[in-house]
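Trainee: As you go down the protein sequences, you meet chains A and B in turn.
Going by the UniProt record's numbering, the first sequence opens with residue 1, and the numbers climb by one from there.
Going by the UniProt record's numbering, the second sequence opens with residue 1, and the numbers climb by one from there.
In case anyone wonders, no lab produced these hints; they're calculated from the structure.
Glycine included, C-beta positions come from ideal geometry on N, C-alpha and C.
Accuracy of the hints is not assured; some may be wrong.
Part of the chain A face toward chain B, derived, beta carbon under 7 Å [as the list claims (entries may be wrong)]: (1) Leu226; (2) Leu322; (3) Gly338; (4) Arg342.
Protein chains: 2
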Amino acid sequence: MTSTNKKSVLVIGGGAVGAIAALNLDLGGLAVVTLVLRSNYEAVNKSGYDFESCDHGTVNAWKPSVVRNTIPNITRESLPPYDYVLLATKNIPDIPPTVVDLIAPALPKNNTHTTLVLLQNGLNIEKPFLTSHPDTPVLSGVSLIGSAEISPGQIIHDEPDKLFIGAFPHPSIPSTTLSALAQNFVAIYSAAHKTQCTHSPNVLHDRWKKLVYNACLNPICALTGLDTGRIRLADGALEALVKPAMREIVEAAKVCAGVELEQGIVQWTIDMDPLESYLKPSMQQDLEKGNFIEFENLLGEPLREGRRAGVSMPTLEVLYGLARAVQWRSKEARGVVGVPRRQ
Amino acid sequence: MTSTNKKSVLVIGGGAVGAIAALNLDLGGLAVVTLVLRSNYEAVNKSGYDFESCDHGTVNAWKPSVVRNTIPNITRESLPPYDYVLLATKNIPDIPPTVVDLIAPALPKNNTHTTLVLLQNGLNIEKPFLTSHPDTPVLSGVSLIGSAEISPGQIIHDEPDKLFIGAFPHPSIPSTTLSALAQNFVAIYSAAHKTQCTHSPNVLHDRWKKLVYNACLNPICALTGLDTGRIRLADGALEALVKPAMREIVEAAKVCAGVELEQGIVQWTIDMDPLESYLKPSMQQDLEKGNFIEFENLLGEPLREGRRAGVSMPTLEVLYGLARAVQWRSKEARGVVGVPRRQ
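Isolated chain A, as found in the complex:
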C-alpha cells in the first residue's frame, strides 16, 4: 500500500491514552498521524515518547509524522481536511473551552469529509457535536486501556489496549454509512496487529457498561481517597456505597436506554481491577494532582438521564453533589471563582 492510500488522522491529546492510540495507528501503517499536544509538547517535540508497553514492548524516542502544540486551522493553513479527528483529551464541559470550541479550527461547521472519533468516557458526549457539526459522522471509542504518563513523554502501559468502536446514532447520516466508517477505523487501528480493536455497534451498551465503573468507583475513590483495592477492604464501603451506586446505573441503563447489562455486572466490575494493584481511577488521580475532574459526563449525565426517566438514584445524587462541590473548590484554587473577603 502506498502512502497515498493512507488515511490522515489528527489525534488531539497525547497523554497516556492518546499517545498509545497515536503510536498504534502509526505502527499499523495505514494512517498518517498528526498529534496535538499541550503540557508535554516541549518534551515530546524534543525527544519523542518512550513507551514501556504491554502491547508494543519498549519503544524509545518515537514521534508521529507531525507533532504540534496548536489545533491545525485547516482553512488558514490551507490543509486538506483530515479523514479522522480522534479526540483523546479530558472532557470537562463545565470548564471552558468546550471540546466543540477546541476542535473548531480543524473541523468546519459544514464538514462532511472528516469523521470524528470520541475516545472519551461518559454519556451524551456526542450531543454537542451533533448540534455544532450536523453533517459530521461521530464514532464512539470505549477504551479499556491501563496506561499512565509518569513524566512528560514517558508512558507506562500495563493493561492491554482494548478498544470498542461504534457509530453514535445520527439524525441524518444513514446507519450503513456510519457502520462502514466505524469498520474502516477499526481496520486502520487493527493494522499493527498488537491490540484488540472491535467494531461494537451497540454504543449505548458499551458506554453504560463502562459507567458501572466510571460513575461509581471514580467519584467514590476520589472522595474517600481510597483506591479500587482499598475500597474493597474498607469497613462496609462496598455494601454502603459501591454496590448501591452500581445498581442505580444498572437500573438507569435498562430504563433510560433499554440496555440490559449482564447478570453479575456489579461484582464483575468490582473485581475488574486486581485488588492488590491498588489502582486509582482517573478521577482520584486528577483530584490528587489538583486537576479538574470529569464528573459531568461520567456522573452528571447518567444521573440526569435517570432522573428524567424516574429512576431512583439516591446514592449517585449525593456523590454528584459532593463531586460538584469538590470541582468548585478546584475552581476557587485556580481563580475561576472567588469568594468575599474574610471578615
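Given the structure of chain A, go ahead and fit chain B onto it with the hints provided.
Mentor: Then chain B, alone, in the frame of chain A:
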C-alpha cells in the same frame, strides 16, 4: 464560702473546649478543678494556658489546682471520689480506648457519689455509661462555644461559651434527683458570671437540634474540603447536599424522639456561622490534621435511630458510608488496619 464547700471537679480533656470549661469553673470559685491533659500536658504543666477569650478577656499562664497527664486512679491513689467528672475529650467509639474504659480509674463501677457530665456531641453517648455504671447520674452538656487551640496551651476563644445542661433520663435515679444535680452544676458553672450556662431539661431536643449542624455540615465540609462559608457559595451544594441532609435530621428528630424542631431550623442552622468567617467544622479540622473523626456519634447514631424508626435518610446514608471509608483510611495511615502487599 469556704473551700470545704467547694465541689471537686475532674475535667478530662483540656483542648479548646475543656480548657475554657476548666478556667470558667475555677474562676467561679465554687469548684476545685483537676485537669487531665494528654498532647498538651508538657506545655500547660510548664507554662500554663494563655487565653484570648471573648468571655474572660486575656488570661495568661493560668493553671487549675491540679494538672495531670493520667486519669486519677482514685482507689490506688486513695483519693476521695470527685463530685463531678466532666468529660471533654473527643468521643470516637470506633477507635479504642472507649470513653468508658478511659474514665474507669476515676469512676468505680458501683459509684453513686460522682455525677458524670458529658460535654460531647452526638446521640446516645450516655448509653455505654448507663450500662457500665448503672448507679451513676449522667448529665448532658451541649456547648455552642467557638474556640480553638492554635498551639499547645494557646486558646483563642471567639464565640461565647453557651452551655445547656440537663440530665439524661435514667432508669433508676429519680428525675428530681437528676434535676437537682443538673441545677447544682449550672450554679457552679455560672458562678464566674462570664458565660451563659442554662438548665435545659429537654436533652433530646438540644442534642437533635445541634445534630442539624453536626450530622450534616460536619461530614459535608470534611468530605468536600469546603468550610461553612464556602459550602454556601459552591455550585448547588446547599440544595443538593446540606438542605436534604438537614431535613432528614429534622424528620428523624420528630419520628425517633418526638422532638419538633423550630420552623426554619434548617435555614437558621445554615446561617449560624457567619459566611465570611469561613469556619471549618470540627470534623473538617480533624480530617485536615490527620486525626480520627467523630462520625459515629454525630452521624452514625442519628442514622441508625432513623433507620430503626423507618425514616428515609438517603443523604445521610451516603455521607455515613463515605465518612466511614475516610475513617478507615486514617486507620490505615496509623497502622490500625493493614492491607495485603502490592502485587
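Trainee: State for each hint whether it applies.
Mentor: Hint check:
no. : hint   : result
1   : Leu226 : holds (6 Å)
2   : Leu322 : holds (6 Å)
3   : Gly338 : violated (9 Å)
4   : Arg342 : holds (6 Å)
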